[in-house]
Each structure stands twice: as C-alpha cells, then as structure tokens.
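Relying on the hints, combine the two individually framed chains into one complex.
Residue numbers (our numbering), protein chains in the order written: chain A, 1 to 266; chain G, 1 to 718.
Bear in mind the hints are in silico, worked out from the structure with no lab data behind them.
Just to be clear, a hint being listed does not mean it is correct.
[Stated by the list, open to error] Derived DSBU-like pairs: lysine-lysine, alpha-carbon spacing no greater than 35 angstroms straight-line:
1) Lys267(G) to Lys230(A)
2) Lys107(A) to Lys219(G)
3) Lys219(G) to Lys57(G)
4) Lys98(A) to Lys59(G)
5) Lys45(A) to Lys211(G)
[Said to hold, decoys possible] Which bits of chain A does chain G cover? Going by a derived footprint, with three or more residues having C-beta under 8 angstroms, they are:
6) 110-117
7) 136-146
8) 178-191
9) 253-262
Note that CB positions come from ideal geometry on N, CA and C, so glycine has one too.
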Amino acid sequence: MKSKVLIFFLIGFILYLIDIGLNNDDNKSIYISDQEINSLISAWKSQVGRVPNEDEISRIINNLVEEEILYREALLLGLNEDDRIIKRRLAQKISFLKQESLPNKPKRKELNAFFEKNKSKYFVEPVYSFTHLFFSSDNNSQLRSQAAFNKIPNNITDIKSDPFFLGKNFADINLKEIENEFGNNFNTYFKESNLNKWSGPFLSSFGHHIIFINDYRSGFYPPLDVVIDKVELDLLAEKKEGAINNFIDDVRSEYTVIINPNLRIE
Amino acid sequence: MNKNTKRLIYALLVIPIAYVSLLLVIDFDVNNKRPILSVFKMLQKEGSQEIVDFSIKGKVDNFTSNPNKDRNPYYGDLHVHTKYSFDAYVFGVTATPDDAYRYAKGEGISHPLGYEMKLREPLDFYSVTDHGFFMGMIEAYADTSTEVSKLEVTKPFHNLNRPENLTVDSAGQRSDIFSSVLGQAILQPYPSWHPKILKAWLTHNTQLALKTFDYTTHKSAWADIARSANEHNDPGTFTTFIGYEFTTSTDTEGGNLHRNVIFNSSKAPIRPWTRIDSLNPEDLWTWQDALREKGMDSVSMPHNSNGSNGQMFESETFKANAINKAYAEKRMRNEPIVEITQVKGTSETHPLLSPDDEWADFEIVDYRVGSRPPTYSKPSGSYVREAYLNGLTLDFTQQGNPYKFGLIGSSDTHTGAGAYDESNYWSKIGLLDGDPENRGSVPLKKENIERLTQYMEAFNQPISTVDINGRTFANTGFTQWGASGLAVAWAEENTRDSIFKAFKRKETFATTGTRIAVRFFAGYDLSSIDLNSDSLVSQAYNKGVTMGADLMHDGDRSPDFLVWAQKDKNGAPLQRVQIIKGWVDSNSGMPHEEVYDVACSDGISVDPITNRCPDNGARVNIKDCSISQDRGSAELKTIWKDPNFSSTNKSFYYVRVLENPSCRWTTWDAIKAGHKPREDQHETIQERAWSSPIWYIPAKSEVDVIPLGGSVNVIGND
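Chain G with its partners taken away, still in its complex shape (with noise of 0.2 angstroms):
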C-alpha cells in the first residue's frame, strides 16, 4: 500500500463521518430547541421593534377630560393614502399626510384635477396609512436627481411623467407599476458578497439589502406621517393614529392580504413592517406582539377581503397548517376588528354565500385586488359573515376561533380625501378616476373612445369601452366601487386613548359613508327596561352586554335583545333594522344563517310568517334624485327575542340598519352632466351600517368533538 492509496481511503472515510456528524449536530441543535442556530441569532438585532418618540415638543394639549359614560359615537376613516404611497404618488397625487388632516376637520383641499374636496361635516378622527412597503421610495424614484433614480428598475418612474402618458391612458402603466412593485422587478438585492447583505441580517431588515431601497428616505417619510399626525391630534375635538398599510398577499394565487395597522401611541416604531419582513400576516403578529411586550399597543385591520380570492378568511393558516387555539388567540389579540365596507367594494356577504337574503347583492366588488387582466376572486373565504360562521364551526372542533373580530368602514381613498357622499363621489385614485366620463358614469366623448382603446391595445388589456344601448362608455372597472365607509367608535371622548380602547373591545359600527348610529345590547332582562326612559342606555349597559362582546349562557334562558338606530340627519329616513343570525348546530356541526327584519320604519309591523317589513313607500324620483318625504323614522327602536333560540348552539347576532332607497354615485353623476343614467348599474342603492356581532356562549357540551384524522394538534404549543 503506497502513501497514496492511503491516502485515497482516509479522505473516502472522512466524507462519510463528516456527513454523519453533521447530521448528529443538526438532529441536536433541532430537538434541543436550536441552541446551535440560536448561537448566530443572537448576533441579530431586532431593528423593526425600536420605538421611538415623535411626540411634538412643546405641544400642550388644552384638555379636560369630560367622559360619557354612556358613550358617544366617533366617526372617522383608518384607511387613507397620500403622495407617500407609492402608488398615489404615480397617480399625481400630492396631498401630504397635513393635507389629509386638514380635510378630516373640515378645512377643502385640491383634488389633482384642481377641483376643491371638501366634508360636508367634520370627521372625529383620522388615520393617514400610506404602503409600508417601499413607503416614501417613489418620490425618490420620480426625481431624477437621487441616486437611486439612477437605477434602470426605477426608470417605468419617470417615463410616468411623460405627458402623454398621463391621464386615462395611464390605468395601463399604472397597473403596470403597481405589478411591478409589488412583483420581483423591484425586488433587486445586493450580490451576496456585498457588505449590506450582512448589514440586512444581522438587523433582521430585509430591505437593506435591496438596490432599490434607500432606508434614510423611507424613514424620514415615516417620521414625517407620524409627526403630522402628532401635529394635528387634539383631544376633546379630533383624533389622530400614527399608522401605515401592511400590504402583503398569497403569493401564487393573488390572494390579497392587506392590513391596516394603527398605533395606540405618540410613539410609533422605527419603521413599519413590511412585506418585504415577511409576506406571512403571522409575523406581523409577531411583531405586534414583541411591540405590545414593550408597551405600545396597536390593532391590524384587514381590508378588501373581497378581493382576497378567499384567501383573508380561509381555514387554514398562510402556511397551510391546521388552525388552532394558539393562533386564534394571536390573531384575535392583534385584529380584533376588520373594515367590511370601502372604495373596492363591500365585504359583507355574497348573494352566492348568502342566497336567502335580499339585501346581500350590495356594491360588489369581485375580482382580486390590483389583478390585471382583472381576475375573478372566489366568493367562500373572502366575505364577512362566512367568516363569523366558519369562525363558530373551528370553534366547534375545538381549533379556536380566529374570527370573533368586530366592524369599521374606512375609505382606502388615495387623494388623502375620502368620497363618502353619492351626490359628491370623487372615488379614489387622483388622475385616472376623478371624472364621471374616466369612471364610467356618462357616456365617452369620441376622442377619449379613441384615446382609451389605443392605451389597450398598448398594455395588452382587455377592451376598456362597452356599448350599452347605443351609447359607450368606459369599462375600466371604475363603475363597480362605491362612495364608502366610516367606521364608528363608541367611545367615553374624543380621545385617542379612548377610541382606541373601543377598537379593542370591538365597541364598533360600520357605515357606507352615512351617519346612522346604531345601538345593540343583549342580556336576559332588558324586556324590564322601558324604551321611552331617559336612562335607557344606562340601564342597557348595567343589565346586558353590547356589540363587540360575548353573552355567556344563563342556563336555558332566551336572551333579550335591544335595537336603537338613528337616522343621518342629512341622509334619507330608516327604512327598517334587521339582526342577522349565525349559527352552528349543536348536534350536526351544520353552520346556518337567518336574517329576521325586528324593527319597520312608519309604524309598520314585521311579517311574522317572512321575518320581513311589508313595503313602506318610499320612492327615489331618478329625474332629479328626490325621495319620498314622508315615508320613513328619524330613529328605530325596539327589543326583540330569537324566536328560533337554541341554548346550546353557539351563535352570533348582528344588526343591519337600512335606509329608504337613495340614488348611487353613477346616477348623480349621469344626472348633473344632463345624461340619462347607465342602463346596467343599479340606480339606488340603501345606505345602511353593520353592528360588531354579540356571541353567546353556550355551556361547555359534555361531548368532545374529534375532527377525523385527529394529528392536528388544537392547542397550538408547539
């Protein structure tokens, strides 16, 4: 045996024992909780968790504090955009997160097409909540003197600003940008050699790894939005959260996943989290909750679950495991409410999902969120109430319920101005929707039928105009979304702290833009209460629960519940209340629905046979958009019991509060430009508000439900 072969063979035994070592460690470090790996990570720097102070030095607040304890309804908008959005900013929009405060209390501020936007009243509170994602980036993009305008990625940038780029032509590029964006192109790493791969790891900030990406220009944007909204909160009057859009989605199928995200706090953390931390809402959570450790509290909101592609409610987690209590409870502690109502449509049932209830074909919106050609989004996952009842049935096999959240409307407005009135509708998106003729509303002048096929035949779209008896107009998607939402707090002031306390408990309403206020109570002896007394409401709290809360079982006792809905003064009269009914059966598992009509406006009683107000006889006149004077109630109130009650079905109960028919934004705007309105869009529609469910909680059943299969494990501890 010479040296060589000696060789040879010492080396073909080092390969197997190296390898088999290796698998030793990894076996170690992976049943010993990764002491191994944990080693490096704690060379990482949690960066995303710093807090940091923006509260505005020497500002005195002038406020002494004046609770009701019956509390007041705040209404306000948690979803507004401005130029730091990179997708506003493409859209010529160059409000500031000052502009869009200035507007919420009243002041009018330019829409970019130079008319003024302007409330017909104030709001209570506001939120500015640009895109974490790339947050400020663009503006840095388009001005072609920063170094990273210089990237070949950021050029689509400035050919935006080409003239003739602009406009209704530009729904193509602006598509084309918000693909691109959110797509790979954007996405540039570093080489992996390059010293700011490091530097992104051992800060856990993915971004700075990114050509793309300058962390000084995206950090002063978000000093800038937090310190306005510093800047403009005034307790006692007006309300401001610091806070951001958390714009991720399922990666394949399009499924959109956008959350909204708002701080309880003048403090904020050092930059938002983002999808390019993660992709996964899970680790939103996470960091939510590492935040919550530190004392900062904040609430994630999901939107446009519409446009998820049934991806926002689905019952499985992002990863596809199984649900279960563990993560349940996460999400619970950081969404607990969701925005049902908006621009893009309204994400409270499907008539699909819904075939039973007359009212659920209501502004729907179903293709996914920012898909282009615009791609159907499937009905079952996306939708509200299926959530609600999805939500009973995980808690059924003992998964816990993920989706016991509340409600709030918002905008998603772009113009940092929210549209929330059909006769003064602006929609969303600056440039290329501010005008009746762009969204579809009247009838295409003939150089602007020429002007949009050309810009379809340019970006591969489907064809943007539709002929509809004789007349054209333009299909660009615009017609399906709506002059929508608020969302409401019931709150003791006007005070961050407040209102946000209402968030949590989920004390909250949604509205289509209208100012309904509605009150929901449940409880086993509010028959006792007389509803002509002044302590109503007092006596409604100290003897029930309300909207956002758990009623526990009393034996088999048949609760009581209280309804109390108020007009918009401006708005049309009430048309009627309903309670909408979810439930699972104890015995089947089988998840039903009802909707029972409990309270008519003009006297009228409910059709005991049909659940439903006969008709009150109220007309919209579609010549001028005049309604019915006197048909209609300033107030509907009433107590009501389940006539179909089960005390051992968990359950949830909502209320709906409807209006007498009034026209939709396409018919004011067909009628103030002299047209007739479009055949096919609906020519009213019924403002109306959704209460945060009540749940009863039934006694625990003696009888243990086991899922087939039987591996997931319920609890969650890993």
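Chain A extracted, bound-state conformation (with noise of 0.2 angstroms):
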C-alpha cells in the first residue's frame, strides 16, 4: 500500500520537474534565424546603399531582439487582448482564407436559381425620346421658360430657348440616364408626362425645360441566356461573401453575446 502511493508521488514529481524544464526553455529563448538577420541586413542595404559595419548590424540585431522582448513581454501582460487592430487583423486573415477556398464554375441549375431569386437586378430599364427647351438658369429661366410654354399652342418656332449642352434630342436613354445627365430629380417628371405632348417647365441642375416625348419603350425582364455572364459574376461573388457569413453562422452557436441592455447610445 504505502510503496504505491510513494510511486505516485514519485512519478507526480517528475513529471512537475519536467513541466518546468520545458517552461523555462519555451518561454526565455529568443532564436533568430541567418534568413531573418540577412533579410534585415539587405533592407538596410537597399535603403542606405552599402553594407551595414559592425556596430551597425549589432544595432540591428539588438533592435530586432529588443522587439521581440517587448513583443513577448506585451503578450504575458495580454496587451494584445484588447487590441482592436490586432484583432481587425486577424478577422481578416481569418476571412482570407475562408474565401479563397472557392467552389468553381457554377452550374446551370445553380444559375437559374439564383436568376430567379435576383430577376429585379437584371430588368431592362424602360426607356424614352425626348427633345426640348432649355432656358438657362443664369438667364432667369423661371419667367422666361413659363412665357415660353403659354406660347407652345400658338407659334413653337417664335420660342428662343438656350443650346443645352449635351443636345438637344435624346434617344432611347433610361431614367437613371436622364437623371446623370440632368440632375436635381430630373427624371421624375418623365413618369408624369404624356407621349407626344409638351410637357414642363421642369426644373434641372441646370435651369428650366420644357420637354416632348416622341417615344416610350417599356422595361422587361431578359431571359437567363442574355444574361448569363453577368449572373455568374454576381453568384460568385455573393458566394464569395457567403464563405464567410457561412462560417460564422456555424461557430456562433458556441458563442453568447452579452450586451448591456440598458446602454443608452449618445
């Protein structure tokens, strides 16, 4: 009985006596390698353009252990916890490799689903033509415009309106279009007008116009096939974003998010 308990003690020993054998070794030893010293030395070449003498490279070595001595001493403190950058740095390693290890090209099925579920990203916008007059807003194109449309049923071609600057006739452009070319809403009065009938004045960035639409065509939604580079771009690259979200959704089971409920945000 007593001899066991003393080859428990025994072996209890020493496996303690090994345990802080192995600490002390891991823990104070800083190797630095021939590559690291080199890859300093050369660095320093490039920068200064000679070879480093030997007060200098002795600079350079005990700057390098010096760091890591800080950097060593910065973790048993556990200044890295708490850390928002190293850890910003580290989610993005993390994410790094979550999205390189991609699926590749999709298959057709795939494709189809995704279409059918994204169908309003791929519709054709509707279009219009359009010609009109412009008045100047350094010119007092309010008056001068609203004169100028209660002339319209009389004599359109006694009418002085401005040059616009990008023409004065436009054919088949999207609303989107007329807004990039126009600005301040400018579109919006489109989807209020009538075909074929001087509609206005309407206020632009840049003064006031009065504006017939020869031509409306409707929107649709293109079939797959017309479309189906541009659906594959975008399936990988929500699938892409999807590695990511992926993972944390199957890790985030094990954590619990703790939040003062009470917070009040300024």
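Structure representation (structure tokens):
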C-alpha cells in the first residue's frame, strides 16, 4: 500500500520537474534565424546603399531582440487582448482564408435558381426618346420658360430657348441616365408626362426645360441566356461573401453575446 | 633554337594575331549593321509580343450603334490597382478586378477597414491597371505553401502579416517593401550556368532568370485581369480596357517614370512588358510599336510627373542623348495623353515655374514617388505646362516636339475604388490612410501618438507627428494627397473603340474628380456662329478644330477660340473659364506663358488690364462646408480672341475651368469628426478641369535654327 502511494508521488514529482524544465526553455529563449538577419541587412543595404558596419549590424540585431522581448512581454501582460487593430487584422486573415477556398464554375441549375431569386437586378429599364427646350438658370429661366410654355399652342418657332450643353434630342435613354445628365431628380417628371405632348417647365440642375417625349419603350425581364455572364459573376461574388457568413453561422452557436440592455447611445 | 623556344614564339605571335582578327570581326559587325551578332539574335524569340485572345466565349453584346456626331463626354478612371499589385496586397487590399469594375458601375464594395465605398454616380469607363512588375507574385509570397515563398527574400512578405506590424505602423514596412521590391533585393538571378538563364535569353524574358519569379503565377494574374475587363465591358453602357502599369524609374536619381498602358482590344499580349525587361521607356514604345504592327493598338500614359524629380519631361532621352525627330515621333505615337492629376498630386504647374499664375499652387506634392524618407522632387521637368513649352522649344531647334500630348486625370487608387469626392474621401492605400487620424486630418489620440512614434524609430524614419497650435497630427505625408481625378473623353458612343479613338486624337480633358464638362474649339470663322444656336456644336466642328488638334496658320489671321463649360450638377457652380497660352518667340526663341480669364460668372466682365474676373463674392462656411447658393454660373460660354497673337510664334492654348471654392477633404474630415480643421492645410480648394491644348502651327520659318554645336542628328535616322 505504502509503496504504491510513494510511486504515485514519485511519478508526480518527475512530471512536475519536466514541466518546469520545458516551460523555462520555451518562454525565455529567443531564436533569431540567419535568414531574418540577412533580410534585415539587405533591407538596410537597399535603403542606405552600402553594407552596414559591425556597430550597425549589432544595433540592427539588438533592435530585433528588443522588439521580440517587448513583444513577448506584451503578450505576457495580455496587451494583445484588447487591441482592436490586432483583432481586426486577425479577423481579416481568417476571412481571406475562408474566401480563398472557393467552389468552381457554378452549374446551370444553380445559375437558374440565382437568376429567379434576383430577377429584379437584371430588369432592363424603360427608355424614353425626347426633345426639349432649355432655359439656362443663368438667365432668368423660370420666367422665360413659363412664358415660352404659354406660347407653345400658338407658335413654337418663335420661342427663343438656349442651347443645352449635351444637345437637344435624346434617343432611348433610361431614367438613370436622364438623372445623370440633368440632375435635381429631373427624371421624376418623365413618369408623369404624356407622350407626344409638350410638358413643363421642369427644373434641372442647369435651368428649366420644356420636354416633348416622342417615344417610350417599357422595361422587361430578359431571359437568362442573355445575361448569363453577369449572373455568373454575381453568383460567385455572393458565394464569396457567403463563405465568411457561413463560417460565422457555423461557429456562432458556440458563443454567447452579452450586451448591456440598458446602454444608451448618445 | 630548341623546340620549346619555337613553341613560345608561335604562342606569342598567335595572341596579337587573334586579337587583331577579333577586332576586325567586331569592326565588320558594327559597321555592317551587326550581321554576326544578329545571327545569334535570330535564336531569340520575342515572347512578349505573342498576342492572346482573352475574349469571353459565348458572350453576346446586345448593342445597337447610335453614334452622336457632336460627341458625348464620357467620364472614367484609367488608373486603378487591385490585390494583384505588389503594394496593394500588402496594404490588406483584397479587392479583385471584378470588385473594381462593379464599383465603377455603381455598386458598393468594401474598404479594407470595413466601410462601404460607393459612387454617387457610376462611371462610363474604367481600367484596372495593376503594376505589371511582379504582377500577382506577392500573393504567392504571402502564401507560405508556395515554392517561391520558401525563398529568403520573400520573408519580409510573411512578416508583413504579423499582427503587430500592421495598420498605421506598417507605413514603414510598406516603404521597406516598396523600396526592396523595386530595388535589387528581390532581383535574385539564378547562377549563370543554370538552364533558366539560357531560357530567359532565348525568349527575351529576363524575368525567367529570377528565382523570385514564377511565370505561371504571373501569367494567370494577367489573364484574370484581362478576363475581368472583357467580362465587364458592356458596349453602349460601360467600357473597360485591359491595362497595366509600367512602373519604371531612373536608376540613380529616383525619378519616377511610371506609365499606364491600355490596349484597344479584347486581346492582349501574353504578358505585360515591365521594368525587368527594361527601365527605359523607349523600349516600352518599341514593344508597343511591334504590337501595333501586329494589329494591336495601345497607348501609354505617364503619371505623377510631379514626383519624377524633373525626369518625366526632360530635354534629353533616358540615355541622356539629344532628343531628335525620330524620338519625338515615337513618343507621341505611343503616348498621346498624360495624367495631369491624381491622388498623389496635380502636375499642371508649380508656383516656382509659373509665379504669375495665382492658381498654380494647387494640390502640390513635391516629393519623389516612393522615396524614403520623403525626398524633394525638383519642379523643372516635372510639370505639364513647362513640358508643353519645352516641346515648342525643341521643335524650334528642329528636334521635333515630344511633348504634344493631351490631358486626362485618374485616381491611382490601390483599393480598387477611386475616391473622387472631397466630402467622402478614403485616400488610396487601404489600411494605412483609410481613416482621418492616420491621414493627418484630425488630431491623434494619445495611444496613437505613442504607436506612431515607436514605429518611426523602428524604421529609421523622420518624425511622424507634428504639433500645430497645441494639437498633434500624424505627419505621414498623406495630407498632401487629394480626392482626384477623372479622365474624360469626347466620343461618339460609349464603346471601347470610340473612347480609345478619342484618346488617340487627344480629344480629352481632365478633372479633379468633379464632373465639369468643357468644349473647346479654334478656327478662323467661329465668331460667325450664334452662341445661342442649337447647332452651335456641329457648326464649331465644321468650322474649326477641337481640343488635342493642330490649328494651321492662315496667313496672318488671328484665330477665334470658342469655349463652353458646364458645371457638375452635384458640384459647386462655375467661377471662371481661363485660357492658358504658351509660346516661343520666333525671334528670340524665348518661351513665355500667360493666363487669360475669358469668361466670368454672374455676368461679370473680365478686367481688360489684369485679364482677371473680379471676385464674384462666393464664400464657403467652414463650420459646415456650405457654399453661397446665389453666386456662380451653371454654364459659361464665350468666343475669345488672343489680344497678343503673333502669327509667327509656335503656340499652344488650353482651357482651365474653375469652380467656386468648396471644402477640401481635410476640412470635411475634421468637421465630420467634430474637430476644427488643421490650420496648416488649405481649408478650401477650387475644383477644376483642364482641356487638352490646341496647337497653333505657324508657317514654316525661312530661317533655319541651328543650335550651337550642330553635331546632333535632328532627324534621328541612325
């Protein structure tokens, strides 16, 4: 009985000694490889233009050692734990890893499903063709355009309007393009205006306009084959995004998130 | 005489005979256009000139051509980096070319710091132009599973990912990498007996001789860039160009000679021509010429001449030979346009070069690109306006004009997404300048001061913080950078071919990110055009020439210039339009420049004595960046005649359009963060646009100008 206790005691003591031995070695030795020193010296060389002398080499190595010491001491104190920048960087690294292992070309079936789900993204916008009379805001556009509009039923050729920078007639342009060229939510007026009738005056970023829409083609959903390249690109992008989200979802259940329910955000 | 002595005499005789015959052979070779060397040359293959079709199989473009003969202004960016660039990758940028094109089309993409980058209005064209040099390689270095990452020199790239080295501190690491990649450290060749050396020689591909280079990785990065461009090209709506950056420099003075190259095709050469092939831009042009022979047209566009230490627009060649007509023609054939503005500064002119131009002090960055510590870049030879003048002078001395280029702007973003908007600015290099504190526009928090100081010591850098009126700011150089710029092409329709042709004929203008539009014509009968006519533009095209073109003399007649500028619909109103004239006096050969205001806002007239518009009273409220609502014009339009025209002087004229002042990004950053703007920065800027010049070509002078010395072959036929 007695000897068994003693044996257990002895085994325990030996394990304890081994533990101390191992830990000491691991924590307090700094190994600096030849490559590390050489690469620092070559960086030094490329900057300064000559080989460092002995003093400078020892300073370079000393800096490296000091940096490593401070780094280790910082780790011991746990300074890495609350550093947003370190966290962000590590989070980024794992995101890269997850994104890089991506599936290959998606199958037709997959594309089809994705296309059906995101159909609105591929909608071909309605287009308008129109002409307009422009009155520059630099020259009293509101009054002039109103007077011109009242004149239209009688004699349109008498109207003195200004030339518009981007021209007079626009063919097959969609509402987004109209907004890009005129600004100030000018495209909203097109939805309310009738075909083949002068309407206005409407204010753009540059002045007032009286518009005459002579053609309108409604929008439509194209078949998958017409937009298949775009769909494929979008699907791959979504998968890439999804790779990280899936990973987070997988491991999220292992975490409990605690937030102060009474926090007031100023 | 014994046998041994005889042998010795023979041996002694053989040496001079062999030597003399070698000299004879070399002499024969040199004087007869090198027939002997060329026998060996015939063994070489020009691998870099192989053309590969990158077009997407089965991609159909539903496009019906609808050209506008009066042309539309298309806005774009021809200078965009993604993760394939050696530097972008180490800044934590993971944006792919696909992400970049999606951004240009109006989608939001993610900044490395996590926030969304999104355009207020999509662009019309875009080109991903990663550094050709070591394209795609850094990704392979950072990935420790690759063969090439086991090399010693790739170690710093592993280290980069050490968490404690990242963010603001890694500015030093970044410069380290930048200079070691561009320096000798990374160029480790195989020993000379190695078969790869022979392969490199036989295929004219120096890169193959480097241990640090993996051709398969390189080619697949290039192929992905080309694929992405072709996939996103959408005729009628959105145009892309396959392109890359030729990141060369002078070897001793650290003068940046960077150029972007774009191709007018869905095909492209098998690999980009890079600084490893040659540092000399003339060799790039030779390569472009060879590709053009094979039916593939391209343009290269110099940029950041401001940081070239006077090397970009020198009055001699890369090898310090005199410029001659052959050089001038070759340069102009390949480099019709120059990037005048971008994040790292504007290169129009410098206050030291144009002391009489009150607007010359605009977004000046006068240190050499990539220099560490920042090193002064001398202005002469670095700015566009002076280059135009020097071009005229070279032409005057019958050496040809190598500086007859048009103008574009672009961003040089390294995040895939250009920041063109002062009120929504993220600078360009990802983690390092992605927030206001690190780019120096808001005061540093205490812990960041410490971090920055420590890093500067570690990397042997100058002091990285600066105290201004009791507040401490980062002094990392980023405050000099700016939210600029855009390239604009006057083209018939939004297709690759139509826009590319506009670049070739230099019918382009540059903006600082704003969407000002400007028309510019010159001719002898433009004053007969009614400025209020709807057919104003088509008449001007019929009766004159437009930006980028030559106006030939017509006896002694003084030409009319027609300018029409329109404001950015979301930007500040226009304040004035100027015409900048440069000329060389035909009697003295002296170069001159002059800035004329030609149209003022709010109906004000130009003061004829000073050639300036009086103040229009527009102001900026620095507390909230609001601007005067009732000052400035939506458009400015005029016909102008040069009051000092001389029909015998070689001259150029270009337009500068100025907006009313508005807040600079540093002010926006400060206000949004609830701080006072930094006192040593410009609080406001005047966004602007520059047209390509119109060159006036006088009648050929009866006097031949002969430069002293006279040994230069001005024609350039060797």
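key: Proximity test - 8 angstroms, beta-carbon atoms, the segment 178-191 of chain A to chain G, at least three hits   = holds (count 4)
query = Taking a Cβ-Cβ distance under 8 angstroms as contact, does the segment 110-117 of chain A have three or more residues in contact with chain G?
reply = violated (count 0)
message = What's the verdict on Lys45(A) and Lys211(G), does the C-alpha distance respect the 35 angstroms limit or exceed it?
response = Holds, at roughly 20 angstroms.
request  = Would you mind confirming whether the straight-line C-alpha gap from Lys267(G) to Lys230(A) stays at or under 35 angstroms?
outcome  = holds, 20 angstroms
task = Examine the segment 136-146 of chain A: at least three residues should have C-beta closer than 8 angstroms to a C-beta of chain G.
result = holds (count 3)
query = For the pair supplied as a hint, Lys107(A) and Lys219(G), is the alpha-carbon distance within the 35 angstroms limit?
reply = holds, 27 angstroms
Per-stretch coverage check for the segment 253-262 of chain A, three Cβ contacts closer than 8 angstroms to chain G = violated (count 0)
ask   = Is it true that the CA of Lys98(A) sits at most 35 angstroms from the CA of Lys59(G)?
value = holds, 30 angstroms
query = Is the hinted pair Lys219(G) and Lys57(G) satisfied, with a Cα-Cα distance of at most 35 angstroms?
reply = holds, 19 angstroms
Consistency note: the structure conflicts with the earlier hints numbered 6 and 9.
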